[in-house]
Structures are given as structure tokens and as C-alpha cells.
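So the protein lines, in turn, are chains A and B.
Numbering of the first sequence is given in the numbering used here, commencing with residue 463 and proceeding in unit increments.
Numbering of the second sequence is given in the numbering used here, commencing with residue 463 and proceeding in unit increments.
Calculated directly from the structure, the hints in this document are not laboratory data.
Hints should not be assumed to be uniformly reliable.
Note that identical chains are pooled: a pair holds if it fits in a single copy or bridges any two copies.
Heads up, simulated DSS-like pairs for lysine-lysine below, C-alpha to C-alpha not over 27 Å straight-line [as the list claims (entries may be wrong)]: (1) LYS714 <-> LYS670; (2) LYS516 <-> LYS535; (3) LYS811 <-> LYS784; (4) LYS806 <-> LYS784; (5) LYS784 <-> LYS714; (6) LYS670 <-> LYS784; (7) LYS516 <-> LYS670.
2 protein chains.
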Amino acid sequence: MTQMTLPRTVTFAAVLVFLPGLLAGQQRRRAPLRSPEVNADRTITFRVYAPLAKSVSVGGDMIQDQPRRPMTKDSAGIWSTTLGPFAPDIYDYTFQIDDVTVLDPVNPSVTLGPRTSSSLIEVPGGAPELWDPQPVPHGTVHVNWYESNVVGGLRAVYVYTPPGYEEGQERYPVLYLMHGAGFTQEGWTTTGRANLILDNLIAQGQAKPMVIVMPFGHPQVATTLGFNQPPASDRSLVAQDILGDIMPLVEKTYRVLTDADHRAIAGFSMGGNQSLTIGLDHPELFHWVAGFSAAIPRQQEALERTFATALADPDRTNATLKLLWTACGTDDRGWFPPNQTFAKLLDEKGVRHTFVTTPGAHQWQVWRRNLIALAPLLFVD
Amino acid sequence: MTQMTLPRTVTFAAVLVFLPGLLAGQQRRRAPLRSPEVNADRTITFRVYAPLAKSVSVGGDMIQDQPRRPMTKDSAGIWSTTLGPFAPDIYDYTFQIDDVTVLDPVNPSVTLGPRTSSSLIEVPGGAPELWDPQPVPHGTVHVNWYESNVVGGLRAVYVYTPPGYEEGQERYPVLYLMHGAGFTQEGWTTTGRANLILDNLIAQGQAKPMVIVMPFGHPQVATTLGFNQPPASDRSLVAQDILGDIMPLVEKTYRVLTDADHRAIAGFSMGGNQSLTIGLDHPELFHWVAGFSAAIPRQQEALERTFATALADPDRTNATLKLLWTACGTDDRGWFPPNQTFAKLLDEKGVRHTFVTTPGAHQWQVWRRNLIALAPLLFVD
Chain A
463 MTQMTLPRTV TFAAVLVFLP GLLAGQQRRR APLRSPEVNA DRTITFRVYA
513 PLAKSVSVGG DMIQDQPRRP MTKDSAGIWS TTLGPFAPDI YDYTFQIDDV
563 TVLDPVNPSV TLGPRTSSSL IEVPGGAPEL WDPQPVPHGT VHVNWYESNV
613 VGGLRAVYVY TPPGYEEGQE RYPVLYLMHG AGFTQEGWTT TGRANLILDN
663 LIAQGQAKPM VIVMPFGHPQ VATTLGFNQP PASDRSLVAQ DILGDIMPLV
713 EKTYRVLTDA DHRAIAGFSM GGNQSLTIGL DHPELFHWVA GFSAAIPRQQ
763 EALERTFATA LADPDRTNAT LKLLWTACGT DDRGWFPPNQ TFAKLLDEKG
813 VRHTFVTTPG AHQWQVWRRN LIALAPLLFV D
Chain B
463 MTQMTLPRTV TFAAVLVFLP GLLAGQQRRR APLRSPEVNA DRTITFRVYA
513 PLAKSVSVGG DMIQDQPRRP MTKDSAGIWS TTLGPFAPDI YDYTFQIDDV
563 TVLDPVNPSV TLGPRTSSSL IEVPGGAPEL WDPQPVPHGT VHVNWYESNV
613 VGGLRAVYVY TPPGYEEGQE RYPVLYLMHG AGFTQEGWTT TGRANLILDN
663 LIAQGQAKPM VIVMPFGHPQ VATTLGFNQP PASDRSLVAQ DILGDIMPLV
713 EKTYRVLTDA DHRAIAGFSM GGNQSLTIGL DHPELFHWVA GFSAAIPRQQ
763 EALERTFATA LADPDRTNAT LKLLWTACGT DDRGWFPPNQ TFAKLLDEKG
813 VRHTFVTTPG AHQWQVWRRN LIALAPLLFV D
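Produce the entire structure from the sequences given, and follow the hints as far as they go.
Spelled out as C-alpha cells, the structure:
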């Protein structure tokens with residue numbers, strides 16, 4: 463046995479050294495603050511302890527892009543406000559304390575971005591939603607670490623396998639699912655709940671069992687590695703990473719079908735652009751292509767350049783593609799117009815497609831529902 | 463094609479509605495702040511924009527439990543300080559802005575806890591450390607969602623499978639690896655880098671390929687589900703969850719060896735207590751048992767009660783266990799004394815064991831190295 467003797471005096475010294483920490487550690491002295499609290503009427507009460515602050519506000523996608531709502535301070539230094547009621551859904555929010563935007567210090571539910579993050583809160587409804595855990599068989603989410611040849615460093619790709627995958631021998635169709643600029647490869651499972659959505663749709667017989675591949679959409683090494691990151695630069699690297707690194711990894715590692723009839727690509731915002739461009743540029747690889755609130759060019763000319771491959775021979779595109787599906791929230795002031803322009807352009811050129819408009823802005827409330835709407839359409843003859 | 467027409471006036475209205483957001487969005491107006499920045503001399507510069515704050519400080523495990531270090535404000539409202547130099551390692555930190563403890567708003571590398579979280583920064587050395595990505599084959603981390611019968615709700619357990627797992631038919635030994643009270647099931651991979659550590663040790667031939675199972679150590683549903691959480695209550699539920707829910711899931715889902723000679727349990731702090739109690743209470747299940755900085759009772763009497771099974775018949779314990787291994791940092795003022803007492807007690811009773819003392823306090827810098835020291839000892843005849 464290896465052992466060291468510690469002098470008895472250290473115990474007493476420890477008390478002295480701990481004292482300043484205890485006195486400074488106000489968060490430990492007080493009763494734990496509860497924030498956020500979802501009330502019975504589906505309002506949310508937000509609270510944050512900031513006794514010295516001059517002004518505190520809360521913002522988030524429950525109020526879309528409206529101005530942040532001011533909070534008021536009580537005599538104990540706790541700022542609070544109650545907002546809503548809100549529809550049952552998952553919302554992100556941040557506090558602004560004086561001029562600094564921060565996560566809720568006591569909420570462990572976080573959506574991580576490549577530069578900034580947000581806190582998350584779910585307003586439950588009377589019955590579980592399709593993104594809620596339900597007593598059905600659950601698939602597995604796999605975090606695959608790989609050296610990206612084109613980005614030059616370690617990255618992770620998340621892969622969902624459906625319930626029963628481990629026990630069987632079946633091969634499955636694959637959906638490549640891309641996130642937007644504010645997120646990472648884990649966004650579609652932590653915030654998007656893609657795994658739970660598919661678990662539920664599959665259990666209800668509404669979607670075919672499928673593998674979902676969730677790449678990191680920025681051309682840089684994994685943010686979780688904590689190194690200083692180079693800024694995102696050549697965005698074509700992401701396409702090269704997906705086609706050259708991730709697709710071979712997935713097809714070597716998982717029992718997936720490898721023909722284009724059983725391969726789909728979809729994503730939102732930046733990832734909507736990536737899905738539409740990669741998918742439509744590679745009809746030999748993807749026969750199911752979808753963009754949610756896609757961040758595509760605003761001008762028709764630029765759209766024609768970007769999607770030249772698909773537009774060049776509409777008959778061939780129609781004969782090849784099983785599905786071209788775009789969607790956008792009508793309150794998405796940035797991206798509704800170009801998606802509308804794109805849909806009109808596809809119409810004019812005679813490219814068969816579906817353009818779904820829904821309520822909502824540029825927010826996860828739209829994209830979870832887009833996945834719920836899209837998944838049942840995939841890999842259906 | 464489904465389509466809606468949006469009135470042309472909305473575009474102009476959008477500009478008006480966006481304006482307040484742009485004016486309020488100071489974080490977007492300024493050039494992106496770089497924080498933290500690791501300098502060539504292995505010092506770290508921390509920065510945070512907080513123009514209205516009266517005082518800002520930084521604390522974290524790079525300065526252990528020393529008082530937080532004050533930061534100073536420049537004319538642009540950016541507070542900064544440079545600390546160190548520090549040894550190459552991964553450190554956590556938070557800012558305290560006036561009286562509020564917050565993550566670094568611009569650092570995407572975060573370690574998530576069940577109540578509070580911290581930002582992470584790595585100080586690289588001249589050569590990659592064992593917890594750094596290296597050009598070796600990488601294993602896979604699996605996130606398994608399951609309904610916990612004893613906790614009553616959806617939880618996730620992380621499972622690492624070693625490089626080559628997917629291609630082969632081999633069965634592997636299993637290490638159950640527990641986290642401390644401030645973390646969740648993802649702590650050992652995001653902050654602990656257990657997957658990269660094993661990738662590297664296996665590549666160097668220093669550790670046997672093994673499966674690692676990382677449960678959630680608090681008796682509550684997954685924090686990522688965003689529901690209000692019940693407070694942690696009956697801690698024996700965690701043992702029931704591991705033995706009754708997780709172990710059957712793992713042995714059904716993964717190619718693991720299912721005898722006690724090929725099953726280990728280890729963990730730090732709260733998870734050290736769980737590992738030592740679950741492991742030593744169940745010699746029929748675990749023949750390799752380890753605690754890192756274990757949060758065990760301080761009094762010898764309480765230790766004797768807690769570990770009565772192992773102490774009752776030392777000869778049988780010695781004949782059964784392949785390894786009983788404890789470790790603690792000598793600066794861990796809270797937990798070094800009881801771990802020392804426990805080692806003496808085991809000595810007195812004649813229970814064969816190893817007690818490793820290292821520099822360091824109650825911090826991840828110690829636990830990553832504990833895993834590096836322990837893994838090569840496991841499953842070796």
C-alpha cells in the first residue's frame with residue numbers, strides 16, 4: 463500500500479482557507495433558487511439572483527424576436543418575471559444582466575452553440591408531445607469521433623439507430639440531418655429531440671425505422687475539445703467532410719442501405735442550405751432532399767446559380783428525386799422570402815416539389831415540427 | 463405545392479421590428495470577443511464584456527479553491543485578467559459579475575452539471591496528453607435512453623465501445639464509471655475525456671480494450687429533458703438503477719463479458735462512494751473496485767458500517783477481489799482524511815488494497831489521471 467501522512471494541522475488550516483470561499487459563495491448560502499418555474503396555467507416564472515444589477519431582462523424564442531422583457535427585483539436581490547401562457551413546447555432563453563447576456567445560472571438544461579449557448583425550458587401540455595419521452599422502445603444515439611481529413615482535426619458525428627437495431631440484422635435507410643449556424647452536432651438530439659421524435663413516430667407506425675446521421679455543420683474541430691477555434695472559413699469543407707469522411711464512416715460502421723433511394727438529407731437554416739445544395743448537387747447520392755427555413759440566396763439569379771444542377775434538366779430531376787421538400791415559418795422575416803422565391807422558381811422550371819408554410823419564425827418550434835412532418839414521407843414508395 | 467402569399471408591407475415592417483433588436487444586441491455589434499485565450503507562455507487571458515458591472519472576477523480549478531481573482535475593466539467595457547502560467551491540462555472556470563456566477567458567454571466548451579455548469583479551457587503542452595485527440599483509432603460513445611423503473615422516468619446512460627468494436631465479434635470486459643455530484647452522465651466524456659484516454663491507452667497497448675458504462679449518478683430523470691426536476695432523494699435508487707436497469711440493458715445491447723472477473727466499477731467523489739459501496743456490497747458482480755477522491759464517511763465507525771460486507775471476512779474479500787484501488791489528492795481537504803482513514807482501516811483488517819496519493823485537490827485534473835493510472839491495471843491476470 464502506498465500512503466502519505468498528512469500533518470494534523472492541515473485540518474485546522476482547511477477551515478481557515480475554506481472560510482473566504484464560504485463567505486463569497488452566496489449561491490451556496492441561500493436556499494436554491496428555482497428557475498425557471500412552469501406554472502399550472504402554462505406561464506413561466508424566470509428568476510435570477512443579481513442583487514447589484516441595475517437592470518435584468520429575459521429574452522428567448524417563446525417571445526420570438528420581440529424585445530427582451532424586463533424583470534423586477536425583490537428585497538432579497540432576486541429578479542423575476544412571469545411570462546405567457548405559452549403553447550406546450552420547448553423554448554430557449556437567456557438573461558441579460560445589465561449589459562451581459564448569460565445562461566440561467568441554475569438551469570441545467572442547455573443548448574450549446576459554437577459561440578453562444580442558451581438555457582432551455584419545456585412547457586408540458588396535457589398529453590406528451592411527439593418530442594417527449596413516452597413509454598415506447600428507444601433508439602440509441604452514438605457519438606462517433608473521427609479525424610476529419612478535410613477540416614484537419616477531431617470532430618464528432620452523432621448517429622441515431624432505431625429501436626431494435628442492436629438485436630437485428632436488418633439494413634436501414636439513412637437520413638443526414640443538419641443543424642443551423644447557432645448549434646453543433648448535438649443540437650438535433652439535445653434541443654431538437656430527433657431521437658425521441660423518431661422513437662415515437664416509429665412506435666406509432668408513422669415513420670419507417672431509419673438511421674439518422676447528425677454531422678457538425680461548421681468547418682472546425684469539435685467545440686467540446688476546448689481549444690481556441692479557428693473561425694469558420696471555407697464552407698465547402700463541410701460538404702467534403704460529409705461525403706469524404708462521414709459517409710464512409712457511417713457505411714462501414716452501421717447497417718445502412720447505401721443506394722440513393724435509401725438516403726435522405728435535410729436540415730434547417732445554414733443546414734437547410736447545406737442539405738439543399740449537397741442533396742441537389744448529388745442526385746447520384748440523395749433521392750430525398752429537404753430544407754427547413756433554409757438560409758438560401760435572396761435573389762432569383764443567385765438561386766439559379768446555386769441550384770443549377772437541379773434546374774438544368776427538370777425532367778431528369780423529377781425522374782431522379784423521390785422528394786424535394788422545403789418548409790418555412792411565415793414569421794421568419796429573414797428566410798421566408800427567399801424560400802418563397804425558390805418555390806416559385808422551382809414551379810416556373812417545372813421541378814416537382816412541396817413547399818410547406820407554417821406559423822412561426824426562425825426557431826426550433828418550427829424545425830421539430832418540420833422533422834415530424836417530413837419523417838413519415840421518407841423512404842415510402 | 464402549398465404556398466402562402468406574404469404582403470409586401472411585411473418586409474418594411476420587418477426592418478422596423480428588427481431595429482430595437484439590433485440596437486439592444488450589443489454582442490452582435492462589436493467584434494467577437496476572444497475568451498479565454500491561451501498564450502504562448504501557458505498563461506490564460508480571460509475576458510468578458512460587462513460595461514455596467516462594478517466588479518468582475520474569475521475562479522476555477524486552475525486556482526483550486528483559492529479566492530476568485532479580480533478582473534479589470536478597459537474603456538470599452540471589457541473586463542480581463544491574465545492568470546498562470548498553468549501546467550498543460552483542462553481547467554474549468556466561471557466568471558462572477560457583481561454577485562452572479564456565470565459561464566463565459568463566448569466560450570462554447572461547457573461542462574454541464576445538474577444544477578450549475580462551468581466553462582472549460584485546455585492549456586496544451588508541447589506534446590499531446592493522453593486526454594487529447596491523437597491520430598489513433600477512436601471508439602464510439604453511445605447514448606442509450608431508457609425508462610428507469612426505479613427512478614420513474616427517462617434517463618440516459620453513456621457507453622463507450624473501443625476501436626474496432628463494430629467490425630468484430632469479440633466480447634469485452636466492462637468498466638462502470640461514475641461521476642461526482644456536480645456532473646451528469648456526460649461528464650466523463652465531455653470533461654473527463656474517458657473515451658479519448660482509452661483510445662490512446664489502447665493504441666499504446668497500455669490498457670485492454672474494454673467497454674465503459676457511464677450512468678447518471680443522481681436519482682432523477684435526465685436533466686437535458688428540461689422538466690423541473692424533483693430534488694435528489696433516496697440515493698440507494700442509483701444502485702438499484704445500475705443493477706436493475708442499466709446492467710441488463712448493457713448486457714443485452716453490447717458484446718460484453720458478464721462474469722465478475724470482467725466487470726469493474728470506479729468513480730470519483732459521490733461516484734467514488736457509489737463505486738466502493740456498490741462494488742464491495744456485490745462481490746458476486748464486481749471483482750475490480752476503485753474510488754477516486756471518494757466521498758466516504760469521515761468516522762471509522764461509519765466506515766466500518768458502510769463497508770461491513772468487505773470487512774466481515776477479509777480472507778474471502780482478498781480471495782474474491784482482483785483489485786481494490788483508492789486514490790486521493792493530498793490537497794483535497796474534504797476527502798483526503800477519510801480516504802486515509804479508510805486505507806488504514808483496510809490495512810488493520812488485512813484487506814488487500816492499493817491507496818494512491820497524488821498532488822491535487824478535489825478536481826478533474828486528479829480524476830483524469832486516476833483513470834489513466836487505473837485503466838492499465840484492469841482485467842489483467
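Right, here's what the structure says about each hint:
1. Proximity of LYS714 to LYS670 under the C-alpha cut-off of 27 Å is found in both arrangements, the shortest distances being 22 Å within a copy and 24 Å between copies.
2. In this assembly of identical chains, LYS516 and LYS535 lie within 27 Å of each other by CA distance both inside one copy and across copies; the values are 9 Å within and 18 Å between.
3. Taking the shortest Cα distances, LYS811 and LYS784 sit within 27 Å of each other inside one copy (17 Å), while across copies they are farther apart (72 Å).
4. In this assembly of identical chains, the alpha carbons of LYS806 and LYS784 lie at most 27 Å apart only when taken from the same copy (19 Å versus 71 Å across copies).
5. Taking CA atoms no more than 27 Å apart as the test, LYS784 paired with LYS714 passes inside one copy only; the shortest distance there is 25 Å, against 37 Å between copies.
6. Taking identical chains as interchangeable, the C-alpha atoms of LYS670 and LYS784 lie at most 27 Å apart only when both belong to the same chain, with a minimum of 15 Å there against 47 Å between chains.
7. Within a single copy, LYS516 and LYS670 get their C-alpha atoms no closer than 54 Å, and across copies no closer than 57 Å, so neither meets the 27 Å cut-off.
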